[in-house]
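J.: Below, each chain spelled out in residue letters.
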Amino acid sequence: MEQLRKEIENLREENAKLRSQLSESKVNNESLSLTEYQRYGRQMIVEESGGLRGQLELKSTRIVVVGAGGLGCPSLQYLVGAGVGHIGIVDNDTVEASNLHRQTLHDTSRVGTLKCESAKQKLNLLNPFVDIKTYPVRLTSENAFEIFDGYNYVLDCTDSPATRYLVNDVAVSLGITVISASGVGTEGQLCILNFKNQGPCYRCFYPTPPPPNSVSSCSEGGVIGPCIGLVGVMMAIETLKLIYGVYTIENFKPFLMSYSGFPQQSLRVFKMRGKQTTCKCCGSDPKITKETIESGEINYTEFCGQRNYNVCSADERITVKQYHSEYIESLEKDHILIDVRPSHHYDISHFQHSINIPLKELKNMHGSLDKLKERIPQLQENTNLVVLCRFGNDSQLATRIFKDEFKIKSVKDVKGGFFKYIDNINQDIPKY
Amino acid sequence: MVKVKVEFLGGLDVIVGKERIHKVEVTRDDGNAVNVGDLIDYIVAKMIKEKNDVEVFIDNGSIRPGILTLINDTDWELEGEKEYELDDGDVVSFTSTLHGG
Ligand SMILES: [Zn+2]
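As they're listed, the protein sequences go chains G and Y. For the first sequence, the UniProt record's numbering assigns the number 1 to the initial residue and increments by one for each residue that follows. For the second sequence, the UniProt record's numbering assigns the number 1 to the initial residue and increments by one for each residue that follows.
Don't take every hint at face value.
[Unchecked claim] List time: in silico BS3-like cross-link candidates among lysine-lysine, alpha-carbon distance up to 30 Å:
hint: 1; chain 1: G; residue 1: 321; chain 2: G; residue 2: 409
hint: 2; chain 1: G; residue 1: 271; chain 2: Y; residue 2: 23
hint: 3; chain 1: G; residue 1: 420; chain 2: G; residue 2: 431
hint: 4; chain 1: Y; residue 1: 3; chain 2: G; residue 2: 363
hint: 5; chain 1: G; residue 1: 373; chain 2: Y; residue 2: 82
hint: 6; chain 1: G; residue 1: 275; chain 2: Y; residue 2: 82
hint: 7; chain 1: G; residue 1: 431; chain 2: G; residue 2: 415
hint: 8; chain 1: Y; residue 1: 49; chain 2: G; residue 2: 371
hint: 9; chain 1: G; residue 1: 363; chain 2: Y; residue 2: 23
hint: 10; chain 1: G; residue 1: 360; chain 2: G; residue 2: 407
hint: 11; chain 1: G; residue 1: 241; chain 2: G; residue 2: 271
The set of hints was computed from the structure by calculation and includes no laboratory data. Since the model is a prediction, treat every value here as computed from it, not as a measurement.
Could you build the full structure based on these sequences and the hints that come with them?
T.: Right, here's the structure in full:
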């Protein structure tokens, strides 16, 4: 009993000591506590880190990370581990099971909770000396200035062109250097933007946004966890180099790193154009300013556009419930089900009675009935076609093609697609 | 005639038979030096098999926004864009900009 009491007493003392060190170190950017010397020793003895001076630089640096996903998780982990003093995390998404293969800061018990909070909890355990602030909001023209103001660097770990332009524009306006990366499938890209307000910005590289139908996200295009993870880790390396002062106005040359994970891993560094005087954001006569951004005059959604899938009329579409009761259960309507997903999606799970003709293949038939009959031998003029895809977007485009190009009369699109059917009708079908 | 290497990165290989690297020989009828503009015409005429895929590569008569063009690993903006005269062994890369995160 006496011994236990003593142990508790000791633990209390130790706890108080740690706490005082912690509060001391959090406010004190001028020196390191003994525990911090121990913690960061292995990186401080690397000459390139600048030793104690470099470590103090890290400690006084403020970084905001937009997106705690496939890029944000690994970069946050290493930046917090390295002892960057102040970190902000902007993300209003919640953790989904389908994120976990690549967003490894989160775990199964966190599914359904906010990503920024989940990340913060894990990061606090990793390094209690780092002060972490969360912003559980979507970055918008209205809130971006307030969030970014006061940070030294922004890490763009977002996943849509519109947000990338917004991150860039606000950072340029505030004079903040951006470490920007992206990835999908097995590839990734990384660059440093607006370096010390002298380097090129995102709009210098990409003055015109890509057409919306050419943009593929991780949820659509898929992504291999370690491929995007590696790019996130590379972001952390570039950030450390910026803080350590490895890049200077004199030696900085704009670049874009391009990583491929397959078939053989490779990393290419492309030499890029410098700041463009004609740039609407960072050029000599900028049209994009704090005023025009905050007033909404710069409309990011409009600028980047949206895909238009709504190409079918109401009578050309049926709900998953209708499909189930009128076509599957009652066998009332003789029909052929065409699944227009890419075949590697189809192979994961599908209806046994469906025929897989990917949208791309369908388009490339250019309305040739002969070619279509090679794939659907039983096709006749009065055949009822029902068209299905993953979420009910591509199937609308395919419905149009069947009707307009192949002149097939009875074609129905299934609203919400295969996944909606799984959610609402039969949850025993594998969903990916 | 020039012999050059053409690369399609960032998923762009889907328009050229899913092969990322192609070795091509490009000639010009008038005997003038072959430039990157000629190479782009060649790609559209000879390498993109499906006509539907041309719009993935070309928009309004030029390389589609969102595709970076590199000549020997350098942004083509620094090399004269379409006017750059190709030499044997040059590498021209097209890479689609990625957006996922
Ligand atoms: Zn710019």
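J.: Starting from residue 275 of chain G, check that the Cα of residue 82 of chain Y is at most 30 Å away, please.
T.: holds (21 Å)
J.: Is residue 3 of chain Y close enough to residue 363 of chain G, meaning Cα to Cα at most 30 Å?
T.: violated (33 Å)
J.: Check the hint pairing residue 420 of chain G with residue 431 of chain G against an upper bound of 30 Å on the C-alpha distance.
T.: Cα-Cα ~10 Å, so holds.
J.: Are the Cα positions of residue 363 of chain G and residue 23 of chain Y separated by 30 Å at most?
T.: Roughly 28 Å between the alpha carbons, so the hint for residue 363 of chain G and residue 23 of chain Y holds.
J.: Next pair to validate is residue 49 of chain Y with residue 371 of chain G; report whether the Cα-Cα distance is within 30 Å.
T.: holds (17 Å)
J.: Taking only the CA atoms, is the gap from residue 373 of chain G to residue 82 of chain Y under or equal to 30 Å?
T.: Roughly 43 Å separates the two Cα atoms, so the pair is violated.
J.: Does the structure keep residue 431 of chain G and residue 415 of chain G at a Cα separation of 30 Å or less?
T.: With a Cα-Cα distance of about 17 Å, the restraint between residue 431 of chain G and residue 415 of chain G holds, given a limit of 30 Å.
J.: For residue 271 of chain G and residue 23 of chain Y, compute the direct alpha-carbon distance and say whether it is at most 30 Å.
T.: holds (23 Å)
J.: Please verify whether residue 321 of chain G and residue 409 of chain G have alpha carbons no more than 30 Å apart.
T.: holds (22 Å)
J.: Holds or violated: residue 241 of chain G and residue 271 of chain G, Cα atoms, limit 30 Å.
T.: holds (18 Å)
J.: Regarding the pair residue 360 of chain G and residue 407 of chain G, is the alpha-carbon distance no greater than 30 Å?
T.: holds (18 Å)
The structure does not agree with the numbered hints 4 and 5 stated previously, though it agrees with the rest.
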